[in-house]
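What follows is the residue order along each chain.
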Amino acid sequence: MAQTVFAPWDDPNEKPLIQFRNVTKRFGDFTAIDNLSQDIYAREFFALLGPSGCGKTTMMRMLAGFETPTEGQILIAGQDMAGVSPNKRPVNMMFQSYALFPHISVWENIAFGLKREGMEKAKIDARVTEMLRLTRLERFARRKPHQISGGQRQRVALARSLAKAPKLLLLDEPLGALDAKLRQDTQFELMDIQEKTGTTFVIVTHDQEEAMTVASRVAVMDEGQIMQVATPAVIYEQPNSVYVADFIGDVNIIEGAATPQGDGYDIAWAEGQPVLHVKTGKSFAPGQKCFLAIRPEKVGISAEEPTDAANKVQGQIIDIAYLGNLSTYHVQLADGTMMKAQIANTRRLSRRSLTWEDHVWLSWTDTAPVLLES
Amino acid sequence: MRRLVLISVPYLWLLALFLIPFLIVLKISLSDTALAIPPYLPTLDLSEGWVGIKAFFAELDFENFRFLTEDDLYWKAYLSSLQIAAISTLLTLLVGYPIAYGMAMAPDQWRPTLMMLVILPFWTSFLIRVYSWMGILSSEGVLNQFLSWIGLIDQPLTILNTNTAVYIGIVYTYLPFMILPIYATLEKLDGSLLEAAEDLGCSRLSAFWLVTIPLSKQGIIAGCFLVFIPVIGEFVIPSLLGGSGTLMIGKVLWEEFFNNRDWPVASAVAVLLLLILIIPIILFQRNEQKQREREG
Amino acid sequence: MRRMTWFNATSLTLGFAFLYLPMVILVIYSFNESKLVTVWAGFSTKWYGELLRNEAFLDAAWVTVQVAVASSTIATVLGTMAAYVLVRAGRFHGRTLFSGMIYAPLVMPEVITGLSLLLLFIGIGLDRGILTIILAHTTFSMCYVSVVVSSRLVGFDRSLEEAALDLGCTPFESFRLVTLPIIAPAVISGWLLAFTLSLDDLVIASFTAGPSATTLPIKIFSAVRLGVSPEINALSTIMIAIVTVGVITASVISKRATLMQQRDEQAAARTA
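Chains as they are written, first to last, in the UniProt record's numbering: chain A, 1 to 374; chain B, 1 to 296; chain C, 1 to 272.
Honestly, the hints are just simulated from the structure, not real lab data.
The beta-carbon is built from N, C-alpha and C at its ideal position, and this holds for glycine as well.
Careful, some of the hints might be misleading.
Each pair of labels, with its calculated beta carbon distance range [claimed, not checked]: (1) C:92 to A:136: 55 to 63 Å; (2) C:265 to A:323: 34 to 42 Å; (3) C:188 to A:146: 16 to 24 Å.
Okay, the calculated bits of chain C under chain B, using three or more residues with CB under 8 Å as the criterion [what the hints assert, rightly or not]: (4) 48-57; (5) 71-83; (6) 156-167; (7) 193-202.
Model the full assembly from the supplied sequences, consistent with the hints where possible.
As structure tokens, this is what we get:
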């Protein structure tokens with residue numbers, strides 16, 4: 001996979017394309033971005049992920065030049081962007097509403113930015129044609145934006161923002177207006193175009209699946225701060241906080257106290273329950289409060305007590321959510337804690353033995369969970 | 001810089017041609033009538049500097065306003081304007097509501113045409129619309145000819161140059177202002193509310209009274225203000241259709257200015273007219289504000 | 001629940017008869033042979049001929065058109081600027097006064113507006129004539145224009161302007177190439193409204209016109225004060241005809257545009 005090789009953020013010699021240096025943005029009393037520093041590298045597909053109001057859109061609008069930082073600096077290709085107006089930046093943006101100019105044709109929309117540069121006519125023609133081909137819109141060049149469908153409009157917006165070959169393309173919830181099926185197709189199309197053009201993409205989204213699918217790195221944001229920046233796999237498998245673990249996908253969180261034991265820790269989590277053992281590279285003081293995060297698909301479920309599992313707890317099935325390919329079992333443990341276990345439905349429904357109110361065993365290995373401080 | 005130009009051009013225009021003229025009116029209303037050009041005293045003499053300004057202000061007084069309260073022509077004219085405006089607003093409502101209701105109940109494909117028919121008179125000269133009634137209402141006019149032809153009257157009725165003609169003229173010219181806001185609220189009215197009212201035992205009439213009227217209240221209020229406020233200062237209708245007995249403040253102001261050339265009194269009349277208008281204008285603004293808030 | 005009852009049909013019929021009969025009668029009597037406007041003496045177009053030979057009316061009509069074109073054009077520019085300031089400029093010193101000055105002329109009685117402008121023109125020693133009428137008309141109609149345009153600007157997607165900036169426009173280019181074409185319908189209707197208001201205005205023009213410039217409404221008013229005249233009927237008929245044709249054309253054009261848009265959108269939805 002290309003992504004595993006492509007890791008400029010690990011290369012100390014690589015110069016970042018974008019640098020946020022201690023950026024703070026306040027709107028009146030409200031702090032949208034709180035002393036944030038972050039580097040983004042050329043050719044990255046960088047996703048800003050977070051709930052609404054977390055500051056991700058503000059970060060993007062500061063890159064585009066529609067907002068100015070209250071404090072701190074933003075550098076693009078080493079140049080300080082302070083005082084550079086949006087029309088002078090080597091940045092283009094794809095708007096959430098697409099912002100296609102309704103009074104001119106698709107062709108004119110795509111040519112709009114090129115004409116502002118004063119590019120000669122033949123070159124504009126060639127470039128627009130190239131963009132139309134890239135986004136498979138050749139047939140719709142003469143149409144007005146209201147004469148094409150939502151998915152086509154999305155591609156026009158993309159073509160228009162790519163036409164000027166910006167160093168950096170900003171995408172604000174680019175797929176928000178599309179339905180689920182079209183959205184998946186378009187995600188792959190976006191990745192394909194990003195790779196073909198070699199442009200750096202920064203995408204803002206609140207959809208974690210979308211961020212995981214398209215991005216080379218994901219920044220999970222909350223309340224004006226970046227909680228974690230990492231590749232999708234790391235974000236999912238090794239979240240650095242309960243917030244990130246909980247925000248990305250489904251997770252069971254068990255609170256307890258850590259005691260060093262062997263190459264890991266024993267977690268005391270409920271009275272009268274056996275301790276849970278976790279292997280981890282992190283270090284905790286004896287008795288320190290900690291959180292054990294474990295994904296439902298890493299939890300096994302069985303009617304009989306498993307003999308070889310490192311961790312096992314007993315409980316009763318309260319609810320079963322059948323999702324077609326998967327089933328999620330909601331199991332209540334003896335102390336009242338609810339845990340989820342997710343099993344692939346490899347067998348036919350009638351052959352499965354577990355049902356409501358069954359007493360079952362949940363089990364997992366000692367490397368499956370992540371141990372978190374907060 | 002560009003923003004400054006954008007703001008200052010319309011701003012300065014309105015300051016120079018709206019606010020300053022109004023301040024001049026205010027100033028002259030506090031001055032004394034004089035046989036001079038301009039026909040009032042004092043005039044501001046800036047060459048004397050601060051002393052001149054002080055002397056200027058010292059000479060301003062409320063004499064014209066005292067005069068307005070002493071001569072009963074003026075307060076009668078104010079009262080009569082308010083009365084005519086109130087009665088004609090009510091009449092316009094009574095004529096306009098059934099039309100707005102009929103439009104709202106009309107089939108969908110008719111409504112754009114009906115809308116256009118209501119708006120069309122807006123674009124036609126106000127003066128001509130008022131004038132059209134002169135030929136109808138005069139003693140040998142179309143209406144009297146018609147009434148005597150069907151044998152209802154022997155003697156022609158005197159309508160033109162009475163307050164009745166003024167009411168007819170006002171209702172006629174201001175009708176669209178009443179119809180449009182009421183129609184706008186009635187059109188949004190959810191028909192299932194009336195069905196629910198009937199389902200719960202209302203007769204059609206009581207459903208209309210208990211559901212339709214309260215829900216079109218906003219439109220009624222807006223329409224009434226849109227008629228009432230401009231009618232108070234109306235000049236054309238009373239001077240063309242009204243008689244010598246028709247007292248309206250707009251007409252008084254006009255005559256004070258053009259016939260008597262008494263600028264200070266005309267200005268005082270204008271200031272008082274505006275003071276009277278402020279209350280309904282503020283009420284109207286508040287009503288509009290409330291509606292905007294309700295609609296979110 | 002639409003119910004076309006007898007009551008509704010009757011109130012609509014009577015209501016529209018009330019709105020239109022006076023004008024219909026006016027039009028009919030403009031073709032009356034007799035000078036006595038109330039006695040029908042046969043069909044004739046002679047009053048139209050008289051009207052065309054009446055120099056005073058023709059002069060006044062020419063003045064009126066000049067004033068209307070000039071004032072509505074300036075008012076459209078200023079009103080659009082004012083609307084832009086109201087909707088887009090955010091907070092600035094004196095904003096409350098500014099929006100007050102935009103809305104006040106809409107409710108200000110014409111006699112007061114007229115009087116105050118006259119006193120200003122006399123105060124600064126400006127001779128009354130075409131120029132003063134234009135200044136007066138511009139002032140009150142720019143407020144109407146700004147109300148019409150700002151209602152369109154409020155519903156305007158701001159990201160369109162941001163997109164233009166993003167694609168390399170200066171703020172002025174973004175206004176000229178994106179904002180203006182999109183709000184053009186509102187600007188045009190603002191212009192038409194200003195034009196009609198100016199054509200129509202009697203009171204303010206009476207205060208601000210001098211002996212050198214008389215507008216058509218002033219002329220009509222002084223003529224009809226003396227009573228009904230067949231020439232005025234003919235003039236009114238011409239004005240009513242122009243307005244009717246104009247309004248119907250405009251509504252047909254806009255209806256057709258809406259239908260086309262709907263058809264296109266349906267077609268686009270099908271090809272998706």
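So, going through the hints one by one against the coordinates:
Judged by the Cβ atoms, the range 55 to 63 Å given for residue 92 (chain C) and residue 136 (chain A) is violated: they are separated by roughly 47 Å. At roughly 36 Å, the beta-carbon separation of residue 265 (chain C) and residue 323 (chain A) lies within the given 34 to 42 Å, and the hint holds. The supplied range of 16 to 24 Å is met by residue 188 (chain C) and residue 146 (chain A), whose beta-carbon atoms lie about 20 Å from each other. Here the stretch 48-57 of chain C counts 0 residues with a CB under 8 Å from a CB of chain B, which misses the bar of 3, and the coverage is violated.
By the rule of at least three residues with a Cβ nearer than 8 Å to a Cβ of chain B, the coverage given for the stretch 71-83 of chain C holds, with 4 such residues. By the rule of at least three residues with a Cβ nearer than 8 Å to a Cβ of chain B, the coverage given for the stretch 156-167 of chain C is violated, with 0 such residues. Only when three residues or more bring their CB closer than 8 Å to a CB of chain B does the claim for the stretch 193-202 of chain C stand; here the count is 4, and the claim holds.
Hints 1, 4 and 6 from the list above are not met by this structure, while the remaining hints are.
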